[in-house]
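Construct the entire structure; sequences and hints are all you get.
Chains as they are written, first to last, in the UniProt record's numbering: chain A, 1 to 360; chain B, 1 to 516.
Calculated directly from the structure, the hints in this document are not laboratory data.
Careful, some of the hints might be misleading.
[Stated by the list, open to error] For each label pair, taking beta carbons as the anchor points, the in silico distance ranges come out as:
# : chain 1 : residue 1 : chain 2 : residue 2 : range
1 : B       : Arg70     : A       : Phe295    : 57 to 63 angstroms
2 : B       : Lys81     : A       : Phe334    : 30 to 36 angstroms
3 : B       : Lys385    : A       : Ile152    : 46 to 52 angstroms
4 : B       : Pro399    : A       : Arg343    : 23 to 29 angstroms
5 : A       : Phe349    : B       : Tyr402    : 27 to 33 angstroms
[What the hints assert, rightly or not] Computed list of lysine-lysine pairs in BS3-like fashion (alpha-carbon distance at most 30 angstroms, straight line):
#  : chain 1 : residue 1 : chain 2 : residue 2
6  : B       : Lys137    : B       : Lys121
7  : B       : Lys137    : B       : Lys95
8  : A       : Lys218    : B       : Lys331
9  : A       : Lys218    : B       : Lys349
10 : B       : Lys374    : B       : Lys404
11 : B       : Lys95     : B       : Lys404
12 : A       : Lys218    : B       : Lys325
13 : A       : Lys218    : B       : Lys404
14 : B       : Lys14     : B       : Lys331
15 : B       : Lys34     : B       : Lys229
16 : B       : Lys492    : A       : Lys218
17 : B       : Lys424    : B       : Lys374
18 : B       : Lys34     : B       : Lys236
19 : B       : Lys14     : B       : Lys207
20 : B       : Lys374    : A       : Lys218
21 : B       : Lys323    : B       : Lys492
22 : B       : Lys114    : B       : Lys34
23 : B       : Lys34     : B       : Lys223
24 : B       : Lys385    : B       : Lys448
25 : B       : Lys424    : B       : Lys266
26 : B       : Lys424    : A       : Lys218
[Said to hold, decoys possible] Chain A is nowhere near these chain B residues, computed Cβ spacing over 12 angstroms in every case:
#  : residue
27 : Lys141
28 : Ala256
29 : Arg347
30 : His456
Cβ coordinates follow ideal geometry from the N, Cα and C atoms, glycine included.
Residue-level listing of the chains:
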Amino acid sequence: MGKLLRWIGSDSFVVSLVAILLGLICGAIIMLIGGYNPIVAYIALFQKIFGSPYDIGETIREITPLILTGLSVAFAFRTGLFNIGAEGQFLIGMTGATFVGVKLSGLPWIVHAPLAVIVGALAGGLWGALAGWLKASRGVNEVITTIMLNWIGLFLSNYIVASFLLQPGQQRSYMIQDTASMSLPWLAAAFGNARLHWGTVVALLAAVVFYIILWRTKLGYELRAVGHNPHAAQYAGMNVNRRMVTAMFTAGIFAGLAGVFEVLGVFHYQTVMAASPGYGFDGIAVSLLGMNNPFGVVLGAALFGGLTYGSAGMSFGADVPPEIIRIVIGSVIFFVATQGIVRYVLLPFYKRRGKEVAKA
Amino acid sequence: MVPLSTADTVVELKGITKRFPGIVANDSISLQLKRGEIHALLGENGAGKSTLMNILFGLYQPDEGQIFVRGEPVTIDSPNKAFDLGIGMVHQHFKLVQPFTVTENIILGLEPSKGLNIDYKSAHARVAKLSEQYGLKIDPKARIENISVGMQQRVEILKTLYRGADILIFDEPTAVLTPQEIHELIEIFRGLVAEGKSIILITHKLKEIMEIADTVTIIRRGKVIDTLKVAETNPKELAEKMVGRGVSFRTEKKEAQPGPVVLDVKDVTCLGGKGLPVLNGISLQVRAGEIVGIAGVDGNGQSELIEALTGLRSIQSGSVTLKGKDITNEKPRRISEAGLSLIPEDRHKHGLVLDFTMSENMVLETYFHPEFSKGIFLNYDAIDKYAERLIQEFDVRTPSIYNKARSLSGGNQQKAIIAREIDKDPELLIAAQPTRGLDVGAIEFVHKRLIEQRDHGKAVLLVSFELDEILNVADRIAVIYEGQIVGEVLPKDTNDQELGLMMAGSKRMQGGEARG
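Now the structure itself:
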């Protein structure tokens, strides 16, 4: 508890908070220029997020996949890799879960649902590992391969859904078997039928697992060593190439899980998509917001997910077009990412504080 | 103190104080540089030499004190301002664009133009003229990647001259040079001074100061200890003032008692990036209880030899045996576990993970041992305890074991690596440039530890570009040239002149062949 309090008082927390504020102010200025009332808009935003049990539940639903894709990007980043491919891993994980969820039948829930989760997670993991393997064996930059794999993942998913799982007359798969559902109907009932599911619990657990792997295990020690200084890791006898594959595999599992729960927990079917849903790309921003720290990622996802979901309120309640809302979200991320600017803004306050200390 | 007249003083620092959080880097430092003088700045690592010069070069602002250039009080708030005042700096790590020619590097940022084009013709001519004037012997059209380190340094010197500098600051200029190149550099210094330039020389090598400097200012812990005329002092006095206690120059050691062969390298050949051999049938033996020194100019296969021995580079032909066990092309971890320790040449790149804590760094090669791990988990309590012990034993100065390796000084980082490598109790310890960038006190420490290791009956392979170090510490010297051992000599039978010739490939000794 003391640790938590110290963290709230710490520099990075204050800076993050000020960054969010600056972002909101910046957004307000843009709204003013566009002729919209920012106060009305922000009230609408908060009302949409916290207004009713249903909205709170749906905000949590929105946050959940962002936690997992954020963890995916952050995990890779901690090991020195830039995973732009969370989007593709998300889609492949989703498809794996849909396949198991639709095709297998007659299994009890306790077998079917976890199986679908595991298959989806592994599919996402392998999709990520592919990029890691290409980097380790052929030296291909993971930024390039993961971007390419996003496209391959999108069209491969569409192909699988359209060829093997399509419900006749629809642009989507059959519904998954009830035994594969990861929804939480009793909890959903308490939240006005918001689509709550087990994925939220898994996402929070994943943050803890992230922490334990990286900072408590031998594997994590190696991963971090490779991330910080691959040369020294190699000199110390670590297998740098194998660790790259491990890192991308783990990152892929996180992203894959995000996709898994979108199917098993939220929609219960998978559509043939014209474009990627974007959770993987948003994961990059979330990981940045959370400074690649697992608990930071949870908070970053909450902010990002909250703003995304609440933005619907801004367009309904204050008639702000969604483009402006994306600008507001963008400026919040901008200020969090450019901490130098925030520290510059804070400088006079810090100086005054320093002088007071000196006087005392 | 020498009475100093102010008539021909080009730079004067008065009461310069610079504080960093928790430390006073420069404490009221005063210094005078005269026209045509070579003024050495002597001090240990972290004594504040670099901070002081960075203030003079406009990279830092002093908290207190005043700088006078040619009698005028000035504020130097950027390197550009320093250039305007005629102050140039040759950094330890060169700042050159490798694929560019000499001229292109020199005119970078000040390109003379003819319409929209760069006027290379006049640039080449000007560079050639400057080169001739100061006897630098540089081809203006050569590409940086094709010329030696010594030549690259001259390009840096030309760069400052081209910008009209007449006050030149050199930061550890001889660290990367061969003995012959050092002689040539000293000649260049004399030429510069003869043309009325003034030089500030940052160094911790006493020999060089005695050879070329006129005046020396000794700094210890941010304070000026003394300013002396070089002609009126001696190395011993300088060393004592620098370190603050007595130091011995000759490394004290008993006669070596060589035992059985520990490392046996036979006809090893390795290919480099372009498919050409970088190790060309190299053969070498190191026995228990002896220190073998590898002397040679940088780039003759030293790094490749170390990589081949430690399993980081694949061996095309030949064999490496450690204590009778074949380790040719084994994985680095197997070799390390078989009893080989390495103090790597580049401690930041290869020796430490700078963003890890000291504690984490101490088990970089041993974290998976049962004493530091439980199943898949690390036993941080045991690791911390172990780190605590090593840091005590080897006197690594760090506020705590939880500080990042990045925050320690170079000497303490090196001590930490040495602690880790020696505590593994290796059969063979390879020390590559173990004292590079260290001060007298730390060098003494490193040498003592290497000799201790030898006296415990272990084998030590010392790779160094510093001839003095090899001559002082090694029991046997092997000279490497173009990927081969071109001769083996005993330190007592040779001198730096002979070694220098062998290192340059112009003299081959038969000693290396005698063994076969």
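Going down the list of hints, with the structure as the test:
1. A hinted range of 57 to 63 angstroms holds for the C-beta pair Arg70/B and Phe295/A, which are about 59 angstroms apart.
2. Judged by the Cβ atoms, the range 30 to 36 angstroms given for Lys81/B and Phe334/A holds: they are separated by roughly 34 angstroms.
3. The given range of 46 to 52 angstroms is respected by Lys385/B and Ile152/A, whose C-beta atoms sit roughly 50 angstroms from each other.
4. Separation of Pro399/B from Arg343/A is about 24 angstroms and conforms to the stated range, judged on CB atoms against 23 to 29 angstroms.
5. For Phe349/A paired with Tyr402/B, a C-beta distance near 29 angstroms keeps the hint of 27 to 33 angstroms intact.
6. Using a Cα cut-off of 30 angstroms, the hinted pair Lys137/B and Lys121/B holds, with the two alpha carbons roughly 18 angstroms apart.
7. Between Lys137/B and Lys95/B the CA atoms are separated by roughly 20 angstroms; this keeps the pair inside 30 angstroms, and the hint holds.
8. For the given pair, Lys218/A sits about 19 angstroms from Lys331/B by alpha-carbon distance, which is consistent with the 30 angstroms threshold.
9. For the proposed pair Lys218/A and Lys349/B, the alpha carbon gap of about 22 angstroms is at most 30 angstroms, so the pair holds.
10. For the suggested pair Lys374/B and Lys404/B, the alpha carbons sit about 24 angstroms apart, so the restraint of at most 30 angstroms is met.
11. Using a Cα cut-off of 30 angstroms, the hinted pair Lys95/B and Lys404/B holds, with the two alpha carbons roughly 27 angstroms apart.
12. With a C-alpha separation of about 29 angstroms, the suggested pair Lys218/A and Lys325/B falls inside the 30 angstroms cut-off, and the hint holds.
13. Annotation: proposed proximity of Lys218/A to Lys404/B holds, straight-line Cα distance about 19 angstroms (limit 30 angstroms).
14. Among the hinted pairs, Lys14/B with Lys331/B is inconsistent with the structure: their alpha-carbon atoms are about 57 angstroms apart, more than 30 angstroms.
15. Proposed proximity of Lys34/B and Lys229/B is supported: the alpha carbons are some 13 angstroms apart, at most 30 angstroms.
16. Taking the CA atoms of Lys492/B and Lys218/A, the gap is near 49 angstroms; set against the 30 angstroms cutoff, the hint is violated.
17. Only pairs whose Cα atoms come within 30 angstroms are accepted, and Lys424/B paired with Lys374/B is accepted, the gap being roughly 20 angstroms.
18. For the given pair, Lys34/B sits about 26 angstroms from Lys236/B by alpha-carbon distance, which is consistent with the 30 angstroms threshold.
19. For the hint linking Lys14/B to Lys207/B, the alpha-carbon distance of about 28 angstroms falls within 30 angstroms, and the restraint holds.
20. Distance restraint check for Lys374/B and Lys218/A: the Cα-Cα separation of roughly 9 angstroms lies within the 30 angstroms cut-off, and the hinted pair is therefore satisfied.
21. This hinted pair checks out: Lys323/B and Lys492/B have alpha carbons roughly 28 angstroms apart, not beyond 30 angstroms.
22. Between Lys114/B and Lys34/B the CA atoms are separated by roughly 39 angstroms; this puts the pair beyond 30 angstroms, and the hint is violated.
23. Taking the CA atoms of Lys34/B and Lys223/B, the gap is near 21 angstroms; set against the 30 angstroms cutoff, the hint holds.
24. Only pairs whose Cα atoms come within 30 angstroms are accepted, and Lys385/B paired with Lys448/B is accepted, the gap being roughly 25 angstroms.
25. Among the hinted pairs, Lys424/B with Lys266/B is consistent with the structure: their alpha-carbon atoms are about 26 angstroms apart, no more than 30 angstroms.
26. Distance hint between Lys424/B and Lys218/A is fulfilled; the C-alpha atoms sit about 19 angstroms from each other, no more than 30 angstroms.
27. With a minimum CB-CB distance of about 34 angstroms to chain A, Lys141/B clears the 12 angstroms threshold, and the non-interface call stands.
28. With a minimum CB-CB distance of about 29 angstroms to chain A, Ala256/B clears the 12 angstroms threshold, and the non-interface call stands.
29. For Arg347/B, the non-interface assignment is contradicted: its Cβ lies about 9 angstroms from the closest Cβ of chain A, within the 12 angstroms cut-off.
30. Distance check on His456/B: its Cβ is at least 24 angstroms (rounded) from any Cβ of chain A, clearing the 12 angstroms threshold; non-interface status holds.
This entry does not satisfy hints 14, 16, 22 and 29, going by the numbered hints stated previously.
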